[in-house]
Structures are given as C-alpha cells and as structure tokens.
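Colleague: Next come the chains, spelled out residue by residue.
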Amino acid sequence: MHPVVKTVLERLGLGLATLFFVSIIIFSAIEMLPGDFGQAILGQAALPETVAAFRQELGLDKPAYIRYFDWALGAIQGDLGTSFSGRNASGADRSAEVVDKIAPRLWNTLFLASMAALIAVPLSLILGILTALYRNSFFDRSVNTATLTTISFPEFFVAYILILFFASLNQIFPSLANVDPDTNFGERIYRTALPAFTLTLVIVAHMMRMTRAAIINLLASPYIQMAKLSGASQTEIILKHALPNAWAPIATVIAFNLAYLVVGVVVVEVVFVYPGVGQLMVDAVRTRDIPVVQGCALIFAVTYILLNLIADIIGIVTNPRLLHPK
Amino acid sequence: MKNKKENSTLLQIKDLKIEGFSDERWHKIIKGVNLELKRGEVLGLIGESGAGKSTLGLAAMGYTQPGCRITGGQINFDGVDLTKRTDSEKRKYWGNRMTYVAQSAAASFNPAHRLINQTTESTIRAGLKKQNEAFDEARALYDALNLPNPETIGERYPHQVSGGQLQRIMTAMAMSPNPDLIVFDEPTTALDVTTQVEVLAAMRDIVKTYGTAAIYITHDLSVVAQMADRIKVLRYGEEVEEAMTRKMLKSPKEDYTKSLWSVRSIQKPEKKSKDIILEVKNVDAFYGSFHVLKNINIKLPLGRTVALVGESGSGKSTVARVITGLLEPKIGSVKFKNRELPPSLKGRTKDQLQKIQMIYQMADVAMNPKQTVYDIISRPASFFAGLTGANLRKRVIELLEQIDLDESFIDRYPSELSGGQKQRICIARALAANPEVVICDEVTSALDQIVQEGILKLLGRLQKDLNLSYIFITHDIATVKAISDEVVVMNEGQVVEQGLKSEIFSPPHPEYTELLLSSVPEMDPDWLTDLLKARNY
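Protein chains in written order, with the numbering used here: chain A, 49 to 374; chain B, 14 to 550.
Derived from the structure by calculation, the hints contain no laboratory data.
No residue lacks a Cβ here, since even glycine has one placed at the ideal position from N, Cα and C.
Check before you lean on any hint, since a few could be wrong.
[Said to hold, decoys possible] If the Cβ cut is set under 7 Å, some of the chain B residues that face chain A in the computed set are:
(1) Ala115
(2) Pro124
(3) His172
(4) Trp540
[Said to hold, decoys possible] Listing some non-contacts, in silico: residues in chain B with all C-beta distances to chain A over 10 Å:
(5) Glu37
(6) Trp107
(7) Gly108
(8) Glu134
(9) Lys142
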C-alpha cells in the first residue's frame, strides 16, 4: 500500500474515533442542561403522573447510556430521531423527523458557505501571494490594514454597514436573504450576496495573512537564494519555489475558516433572516428540542473533522517527502 | 560553445566594499578587496568564518545577500560593471553565464521539484537549450560526475538521494548552462571525507573539461590545495596575501597565513594505561526497528582519551547516548569502574550521573539563551555538589579560571560570547559536576581552526590537571591526531578496530580504515591526483 493511502486511512480512522468521542460529549452536555422538556412543555401546573407519562412516550425515562446507543445507532443509519417540537400538552403530534428539519436548512447553510468560500478563498490566496511578492510596500500595508479592519469589527456591524451601502442607500441587493426551496438558482445567488460578502470580509484576513506569512517564511530558505542565483524572477520565486512548499499551513487555515462558515454564522443568518442551520440550532436550544440540537451538533462535528481531514491530505500530497518516500 | 579565449580576464573586482546591517547599524564586511580571474582559472578563497569569503564569492556574481549593500568599487564581469546593473539585468547573467554551488546541497534544492527539473531550470529559462536537449545533457553530466543510474536519478526528489549525490547534482546544475564562471561556496564542507574525495574529483574534472573559471571558497587548506590554481587568503574582509597554490603552500609570507597552516600540526604523544574506567560491553541498540549499534565493545582507560572516529551515520553519537543512558541498549551493558550502570538515565543515581558529563557540537544551542554564564555553570555545581551562596559563586569563578576566562564573563548571556568562548562555557558546565568521564561530541567541528587549537589545548591541559578520561567523538582525523591516546574506528554501527593511535595510524589497516585515512586531504597539491591514480579511477 502506498504510504499516503495508509496515512489517509489512519487519519480517517482517527477522524471516526474523534467523532465517537464528540458524540459522547454532545450527548452528555445536553444531558447536563438544566430543566426538563416534559416539564417545560406541560407547564408548572402539570401533574407529576402526566409529566412521567409524557417522558415515557418520548423515551426520556430510559437510562442515559441506552438512549445514547439508540441515538448513535440511528445516527449511523442517517436517522437522527424525531423532533420534540410540535408536541404539546393536548397530545397532538405534529412532530417532524429531525433529518427533515435539518436537511433544507443545511442545504441553505452549505449554499451560503460555498458562495462565501468561492469568493473568499481565491481572493485570500491572490492577496496573500501579491502581498508576499510586494511585501512592505504601500499595497501590502493597505491590504493588511483593510483586512484587519474588517476582521476586527463584529460580524453584525459589517453586515449592517453592507446593508446600509448596498441595500439601503444604493438598492443593489436585497437586505433580507429569505430563500425557500422553490427559489431558483440565480435568484438564490442574488439574495445571498450580502451575507456571502459579509462572511468573506470576516474570513479573508486570516487566510490571506497565513498565505503571506507561509510564503515569506520560506523566502529565507537557502533554496530560494539558490533560485535567485539561477536567475529566477520574483514572481517565479514566489509561485514556483515558495508556494509549492507552503500549501500545508495554508490548507489548514482554509479548512478552519470553511468550517467556521458552516458552523459559526448564526449572527449573520439572524441579521439577514437567512434560514440556515445556525438559526435552527439556536431555536432548538431555546425550546429544548434535544434531538435537533444533537443532530446539528453532530453535523457541525462532522464538518470540522472532514475539513481538517482534507487539509491534512493536502498537506501530505503536497509534501514530496511523504508522497515520494525513499 | 561560447567564445572562450584563453588567458583573457573574465572577472575583475576593484576595491570592492560591502557593508552588512546588524545590531541597528552598518558593519563593514568587505573592506576594499581586489580580485582578478582569467578564463578557465580556478581561484581559491580561504579564511575563517567572518572573513567575508562567502560575501565576496556572491559579490563576484553581482549578488548581495538581503541586509547587505555594496558601498564602493567595481565588479567587472566580461567588461560589464555589475555594480551598476539592476537585478533584472543581472538575472540574465545568473544561472546562465555565472552559476553558484552552495554549501548545503540538502537545503539548497527545492524539496518540491524533481532533480532534473532543477538541474536544467536556468538553462531552459535562459533559452539556451530546449527541454529534451537540456535533459539529455543533464543526464550526460550526471554520468560524468559518477552518479549512480544517471539516466533515472534526475527523476528523484532531493530527499531521495544522499548528501554527496546532491552535491554532485548541484555541480551538474551549475554546469548545465555551460557558464563562464562557477562560484563554489564550501561545497564539500558538509560531506564525509570518503564522499568528499569523489565530489572533489568530479568537480575538478568537469571544471577542467569545460574550461570553466571558478572561485572556490573554503576554510580547508588541504581541499583548496587540490582545486585551485591560485589562492587568496582573506581575514576580516581584507586580503592577507595571494599567490599561486604551490608557492603559497611552500612559503606563505604572512604570519596569519602561517598560523592557518600550523594548526593541523598539533600532535599529542600517546600514553598507555591499564586501568579501565569505563567499558561498553557487547552493546546492541535500536532506533525503533533500525539496528544502529551492532555488538559494540569499547574500553576507556583512566585519564586517557579515546577518539571515536567514523562518518556520519556510523553510530558514534549513539554510543554516547548509550553511555549517558539517554538510549537504553537492547543487549549489553555499560560498566563504570567495573560496576554495571543501570541502562536508562532514570535508573541512575545522582552520583552515577555526576561522574559522566557531556559537551556538545553546537555550543550555541546547548545553552539556554536566556540564562547568564553564572546560571549555566552554577546549576550543576549546586545540583551535584550542593553548593550555595558565596561558595557557589567562588566555585563558578574558579571554573571560569580553569577555562581561561575571567570573572567579568559571569553576567554575560550566551549571545554576548564568541564561538570559542561558548564552547569553553560548555566545558566549564561539564566540569562543574566534578566528572571523571567527559564525552565530547564533535566539540570542535563547528569552530575555526585557530579556535579549535585553543579548545583542544585546553581539553588536554584539563585532562592532565584533573585526571579526566575523554571519549572524543569526531570525524576529523587531524583532531584525532591532536588529542587521542587510543582510537576506535566505527562504520555502519560496528567497531572496525580499537587500538593505540600509533597502531591504528600505521599500516596494515582493515579495508575501511584504509579508505577513511586515505581520504583525508593533505596539503600536497598532488594528493588528489595521486590518490585517484592509486585507486584506479
């Protein structure tokens, strides 16, 4: 077996192990939340017997480890359980499958994340390379200042500023990013433009500065001096001699930011009233809809692990020492 | 082939001055040096570290390192003054008419690209040859440089070939555009002696065959004697003297040059000793599944020096790790005064730890940069001997005196010391524990020749005064001659032979010892030629 395949399988195994531990943590953390769903729904006046019956119906009376295995086994098969919400004291059951609740929201979140990533990643790489090439110049300083400024403001502030300029003063984009499953693709892009720009402004600094630093860090290497002395131009040195050796740290930072785009955008979703998974999770926490909270948390964990796995793989395949062992 | 008229001047440097920026101000690195090089001629630049030889070598290409600037003089290359050219104009010369061979080939190849692409990169960029033509030529050069599998070695990545091979490939890279001038910057310093011979021979051959002019920078006189037609000696950025190689070797004029010549001549008469203080018995050791040491037996006589000689990877330093307990041997044991030591560091008593101390190659990194000399030396003195307060301070001053430094050094930080002083502090730190055995791991190899001499003399004196026993690990035969009583030759994790210095150095030798000893360059300019003849190259 090629060592790279072996390493990838190892990482994959480690990823699964991590996921297992994370699922335990998610489950126990929610166990430890104060309050009780049954009590909360039925109200303070409910009879203890009623609450007990309600809990039994939801399966909340079983020991925690049994509920964990039920949940985990279901999750492996793609069944995240049934949402608690939609049930009420009268016994009417309009509850939905967690998967059905999360799926459309997740699709929206992924759409927004991809759009932001498609703008932010190439932009950061290009800016990072250019600032490394023209380091310490006026251009370099302006880009650094600008990106640091946008990352320093809270997300909602950036969002409102964008709304002010692009939705209110100049009516280019809509200020509300309300999409539903019937919205067509072009319309979707148009409506998600402002949240995507907001996210771009928030994450560019980190990726761009890492690209710049990773390249500049290599410029002191003897092989860069060697490249200079063999007549390579500045551009050639950066693109051909420094960048190929800088992918590993850059990929890690990109993965980190992409994960953030999926799991950390609740503020931006709220500002633009965008129906993403972040809002769903916040709502679920408020209503103590445990299966939905668990489902969201699990998806977030998978996102982190997967993206970091990809970053690791990029780190490996761009390192000839690992790709072409002795 | 370019038009190369014999004996016409290719490079002429006039009154060149270069400054470097450090510690918030500009320092003079080159203080008005003149240099002339004819086509096809090889000039040796020799000097100690800080003499400015690398700076001058790079300046010959019109290149200055970041943080350096040319403040005066001319660099005329084939009639063009390079000091007046912009970088983009000079790029037309670099990698085309002038090329560079760096000291550490391992660090100077880009890890991300295949060797043949790097070998031919500048040739193709300059438009001198088409890709397949350049590749064919590169393979021919690999063959001429005696590289194994010249047809396919270029497909490999830098980490897939050995240091000696990389250095030859870098020479191929320098030859690929068929330049007028090659600057060799200490190209064999990082190599083992047996490898160095092959690389030197290959470089000399190819430079001769193509009639390329070269500047050969080194601190090693015997190496430059093999390579250069003329030698220029530099010190503190100034020329000391210049002469044809044979003349320079026979009758150097300046005192400084003579002192460079004399260092290699320290000799220590060997002494026998029957008492054995330390013994390594039947030791086998592993790094993971890699078998590093195979049945090692070494005896260290009391008050004597045993030199461990071998090339990199022969297991010399691993022996030190086993003796000190840093690496547990799989089989075998270490005996100190006839009593077996616990195999691992953790199992040893304070008393056992105290008796064996180490001094390292890189004094720089062997000291905590945030600690003063006092902190560094006092720590073992208080830990092992339990000294405190005024007694401790007295002991530190006494130790400083033993290493020929005075009390004024006590509050300095390592960064405020020279290379030789740093190594002296490391010696004092080892002495502070009152050891009986001191293991010196390549303690002089990072130092200049003259500083080396001082350290070796100091170690010799301390041995006499304190009756110390040394295990002296080195790859340098001259150092072995200067310090040892007995010699252990190691190769591929095995002891080839152990014996008195006089026995080891006089024939007949086992095959490996013969190869090792015959590979040590001598000051005779015909040495390499004769050696190659004898080896039937």
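Colleague: May I ask which of the numbered hints given earlier this structure violates, with the numbers listed in increasing order?
Modeller: 4, 6, 7, 8
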